[in-house]
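So you can see what is in the structure, the chains are spelled out below.
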Amino acid sequence: MDSQIAEPDAAARIASIPIEEIDVARPSLFQNDTIGLFFDRLRAEDPVHYCRESHVGPYWSITKFDDIMAVDTNHKVFSSEAKLGGIAIQDMHSAEGALELEMFIAMDPPKHDQQRKAVTPAVAPSNLQLLEPVIRERAGEILDELPVGEDFDWVDRVAVELTTMTLATLFDFPWKERRKLTRWSDVATAAPETGIVESYEARREELIGCAMYFKTLWDERINEEPKNDLISMMAHSPATRDMPFLEFLGNLMLLIVGGNDTTRNSISGGVLALNQNPDEYAKLDSDPSLIGKMVPEIIRWQTPLTHMRRTALEDWEIGGKPIRKGDKVVMWYLSGNRDESAIERADQFIIDRKNPRHHLSFGYGIHRCMGNRLAELQLRIIWEEIHKRFSRVEVTGEPERLYSNLVRGITRMPVRLHAR
Amino acid sequence: MINITFVASDGERRKVEIEEGETAREAALYNDVPGIDGDCGGVCACATCHVHVDPEWIDKVGRLTDGSMEADLLQFAEGTTEFSRLACQINMKSILDGLVLHVPDKQY
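Keeping their order, the protein sequence lines are chains S and R. Each residue of the first sequence is one higher than the one before, counting from 1 in the UniProt record's numbering. Each residue of the second sequence is one higher than the one before, counting from 1 in the UniProt record's numbering.
Warning: the hint list may mix true and false statements.
Simulated pairs of lysine to aspartate or glutamate, EDC-like, Cα-Cα distance not exceeding 20 Å [said to hold, decoys possible]: (1) S:Lys227 to S:Glu205; (2) S:Lys117 to R:Glu78; (3) S:Lys293 to R:Asp32; (4) S:Lys388 to S:Asp67.
Calculated from the structure, these hints are not laboratory results.
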């Protein structure tokens, strides 16, 4: 789809797979970036696709924009409840020794609504206005320290650093220890086979360490006057202040992961997309006022979370297919974001696209990403500050992608900066 | 044609026309009225076309219905009041000719 495919005859091979054998849950397809070819076939031949056997059990794939929208906005039929499996294709609470975290993204109303309302003000537009100058200043500092004219890893030096510093700002987290947030975010989404943690026990121990750290911050904030940071808000809100331990930890993880992986990979994905589309890069260079429109296009193009999952609470029909009560239903945002019937020239990266926010990356309905404008703000600031300093961020080697069917991640990307 | 006036948060007024059967969201987007984002495409799936109906017009437009998807979405929006609605759910008909809608500073 949007990057060079490692295996040259992949297209022919994928075209010959019998449709009923297609299983898009395999993390390797995302790592080698052939997944787009599979989704192209599903959208064309079997847009609501049942996979009978996979490493995550049987599941439905919803691949067209409008069908995804219909599921996402029907929370009364399609549940996010953790006990039913939660929000990802891999069931929550399924692994031996895993912590049974509780978080509002994996709850249905009314509890979801109460908890979400408690933390939403942190990322509301009025609070973002207060954050903007701080984020801009810190972004500038990160960019000013970068070497010009020599290769370095963009992911580590810029994408991770920038999102981590924004998170630290949102939590009012001890500044010098902010990389702890990056580590906890990585650990929270890691399965042992990714190599990030050795075992579920190791993961459990690290997350408990995280919880203890935040408990200390919480105890400080609860004894202070309410402030605009997320911890203070949660500590003082009636909806969240008496949360049980696993719910406290779960909601923290949600905010850390939600604000970290996603924006990080959109920052890297944007650089890659501009390098793969030099005409678009030239457009941006001659008219930086396009950044506001380019940002949602980058978020569509990258689709940093490939999917969200629901569980059917009753029998239902989608695209003529019979969904049974209890079935696992996966909304592939990455596929819907390439659906020509909803988005014109969906297979192209166009920085001055009309209606650029009409994409699925944030989801829709009551679980729609609450940090969506913060994500856009960070990307807008970083691109404005890059433009002031550098004429080009050149990708100088093959990027490495994450082994995951959920987070569409770039783990390493060598670049070289050209001074303006 | 039906007239709608959008009042921005700084008080600036923009009068636009729309055909019967379209929605207030479409009236805003067709005329590039700032402050109405309308990300989802007008299907009541986000809350980025939030408006405050002018109190004089609220009875004709109608209030938010408890338990509706529109109410579910608006509960997470910033600065909602008893006059809050999603513009995509306001169908324009002749009795709404002259409607006044106040646009919040920002949508999300």
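Do the hints match the structure? See the list:
no.	hint	result
1	S:Lys227 to S:Glu205	violated (30 Å)
2	S:Lys117 to R:Glu78	holds (10 Å)
3	S:Lys293 to R:Asp32	holds (14 Å)
4	S:Lys388 to S:Asp67	violated (42 Å)
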